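The listed protein sequences derive, respectively, from chains A and B.
This note's numbering numbers the first residue of the first sequence as 1 and each following residue consecutively.
This note's numbering numbers the first residue of the second sequence as 1 and each following residue consecutively.
If you're looking for bench data, these hints aren't it; they were derived computationally from the structure.
All values reported here derive from a predicted model rather than from experimental measurement.
Don't be surprised by glycine CBs; every beta carbon is placed ideally from N, CA and C.
Just to be clear, a hint being listed does not mean it is correct.
[Stated by the list, open to error] Here are the simulated DSS-like cross-link-like pairs (lysine-lysine), alpha carbons at most 27 Å apart as the crow flies:
#	chain 1	residue 1	chain 2	residue 2
1	B	Lys158	A	Lys30
2	A	Lys53	B	Lys158
3	B	Lys45	A	Lys50
4	A	Lys64	A	Lys53
[As the list claims (entries may be wrong)] Okay, the calculated bits of chain A under chain B, using three or more residues with CB under 8 Å as the criterion:
#	segment
5	23-36
6	40-46
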Amino acid sequence: MAAKKTMTLNLTDAEMRVLDELCEKKDLSKTAVLRQALRLYQLIESRVDKGDKLFFEDEKTKEKAEVMML
Amino acid sequence: MTITVSPIFLFNAERSEPEAAELWDGITDQQLGDWEGEWVPELFKAVQKLHRAGVERRHWPQSRHWNWRKKTEALQGMLAHLGFSIVCNGMTQGMMIVDTTMKRCRIEEQKGKNLVYVEFVENAPWNRPELAQPPLYRGIGSILVRAAIALSQEEEFKGRIGLHSLPQANSFYANTCGMSDLGMDPDHQDLRYFEMTPEQAEAFIAKGNQP
Chain A
1 MAAKKTMTLN LTDAEMRVLD ELCEKKDLSK TAVLRQALRL YQLIESRVDK GDKLFFEDEK
61 TKEKAEVMML
Chain B
1 MTITVSPIFL FNAERSEPEA AELWDGITDQ QLGDWEGEWV PELFKAVQKL HRAGVERRHW
61 PQSRHWNWRK KTEALQGMLA HLGFSIVCNG MTQGMMIVDT TMKRCRIEEQ KGKNLVYVEF
121 VENAPWNRPE LAQPPLYRGI GSILVRAAIA LSQEEEFKGR IGLHSLPQAN SFYANTCGMS
181 DLGMDPDHQD LRYFEMTPEQ AEAFIAKGNQ P
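Construct the entire structure; sequences and hints are all you get.
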């Protein structure tokens with residue numbers, strides 16, 4: 001297991017509420033949710049940097065909506 | 001890149017005894033050198049043998065097209081992807097790449113939950129029963145599946161793992177690992193999708209090295 005470092009995170013009430021909801025929904029600790037978020041963010045950034053586009057597809061209609069990454 | 005090396009044992013089928021080996025939590029240049037210098041030529045010879053014996057192409061090992069160097073380079077530095085390898089007698093005997101972020105569970109009772117998805121897993125050609133009789137080392141697949149389960153537990157996914165199996169390995173995942181077979185996946189070259197629940201993971205770990 002890789003060594004881990006501790007940090008303090010300052011979140012607003014709204015941000016903390018969302019984090020709590022995600023923890024509840026995904027049955028994960030706050031640390032695990034934030035680690036997942038970081039991985040996903042890195043992955044998306046890396047693909048967008050290469051020129052890829054990010055889409056959401058409606059499963060039924062197959063309609064695609066591009067997510068604009070700024 | 002810092003690699004953690006854990007001691008393990010493989011079963012040496014030639015000597016009929018366990019042999020000390022190592023599980024690495026990474027795929028390094030050493031592994032890629034072994035793959036290019038030893039695995040690829042050996043796999044080429046095995047495919048040639050199958051071809052000369054008149055074995056249909058669809059029965060040839062489908063991993064023959066895998067390029068571990070390209071796969072590893074593409075995932076270098078990405079937190080979502082991790083590599084594992086098994087080294088025994090100075091040679092890489094198995095490799096695996098997993099994704100901890102992009103996939104979700106499909107079994108109804110755990111649908112939508114996070115899991116460790118095994119993207120690629122391969123044994124050295126001389127350890128594969130369909131290519132070498134007898135295989136030199138046994139237990140590589142089980143150790144790599146156990147590593148995926150341990151990672152899943154470490155990530156708080158409770159041992160849930162999933163994978164698409166190449167036809168040659170269907171029986172291993174269904175019978176040896178006790179994973180649920182969710183059938184052929186039309187979105188994934190019609191390969192069968194297997195998934196493991198926390199209970200199945202515990203049962204597999206408890207089983208140890210029994211077949």
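Now the hints, each set against the structure:
1. Note on Lys158/B and Lys30/A: the hinted pairing holds, with a Cα-Cα distance of about 16 Å set against a maximum of 27 Å.
2. A C-alpha spacing of about 33 Å is found between Lys53/A and Lys158/B, which places the hinted pair above 27 Å, so the restraint is violated.
3. Only pairs whose Cα atoms come within 27 Å are accepted, and Lys45/B paired with Lys50/A is rejected, the gap being roughly 37 Å.
4. For the suggested pair Lys64/A and Lys53/A, the alpha carbons sit about 11 Å apart, so the restraint of at most 27 Å is met.
5. With 7 residues bearing a CB less than 8 Å from a CB of chain B, the segment 23-36 of chain A meets the requirement of three and the coverage assertion stands.
6. Chain B is given as covering the segment 40-46 of chain A, and this holds because 4 residues of the stretch bring a CB closer than 8 Å to a CB of that chain, at least three being needed.
Hints 2, 3 from the list above are not met by this structure, while the remaining hints are.
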